[in-house]
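Using this note's numbering, read the sequence shown as starting at 1 and increasing by one per residue.
Wrong hints could be hidden among the right ones.
Restraint-style ranges between C-beta atoms, simulated for each label pair [as the list claims (entries may be wrong)]: (1) Pro106 x Thr81: 18 to 24 Å; (2) Val18 x Gln46: 40 to 46 Å; (3) Trp8 x Arg35: 39 to 45 Å; (4) Arg102 x Ala54: 16 to 22 Å.
Since the hints were derived computationally from the structure, they do not count as laboratory data.
Think of the CB as a built atom: it goes at the ideal place given N, C-alpha and C, for glycine as much as any other residue.
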Amino acid sequence: MTDFTFSWPMVLLAAGVVIVIGVLVAWGVMALERRNRAELTAERIQQAIGEALAGERALAGASILPVAVLPAGGRPTLELTGYVGSDAARAKAVRLTEATLRRLRPDMEVIDHLDVLPSLNERRRPA
1 MTDFTFSWPM
11 VLLAAGVVIV
21 IGVLVAWGVM
31 ALERRNRAEL
41 TAERIQQAIG
51 EALAGERALA
61 GASILPVAVL
71 PAGGRPTLEL
81 TGYVGSDAAR
91 AKAVRLTEAT
101 LRRLRPDMEV
111 IDHLDVLPSL
121 NERRRPA
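Build out the structure end to end from the sequences listed, making use of the hints.
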């Protein structure tokens, strides 16, 4: 024979544990979905900026990688990394990025990490 006796406090405790676990799982799924949406939005922004920069003839020969960061709390940023051939090309890349972001996501801040590396022909010219 078993010594099992029905106890309401134990049933309520078990129900409470099941409810708490269910709430935690639901919260985790919502947090993952929010992060996935932010990553998809960042990818879309990076692609749009990359296409805009690639279509600019003044930036031919430049290597620019836009990296969008959309934190859960805080201001979203877009970092421009890579190199351009001149200060004018750098300014053009930043202006074009800001103009494209005003259309896509006006609250994003552009962070310029571009390096200016003159082309080999420009470095060989006598002073």
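Results for each hint:
1. Evaluation of the 18 to 24 Å hint for proline 106 and threonine 81 yields a pass: the beta carbon distance comes to about 22 Å.
2. For valine 18 and glutamine 46, the Cβ-Cβ distance of about 42 Å falls inside the hinted range of 40 to 46 Å, so the restraint holds.
3. Range check, tryptophan 8 to arginine 35: Cβ separation about 41 Å, and the 39 to 45 Å hint holds.
4. At roughly 19 Å, the beta carbons of arginine 102 and alanine 54 sit within the given window of 16 to 22 Å.
Checked against the numbered hints given earlier, the structure satisfies every one of them.
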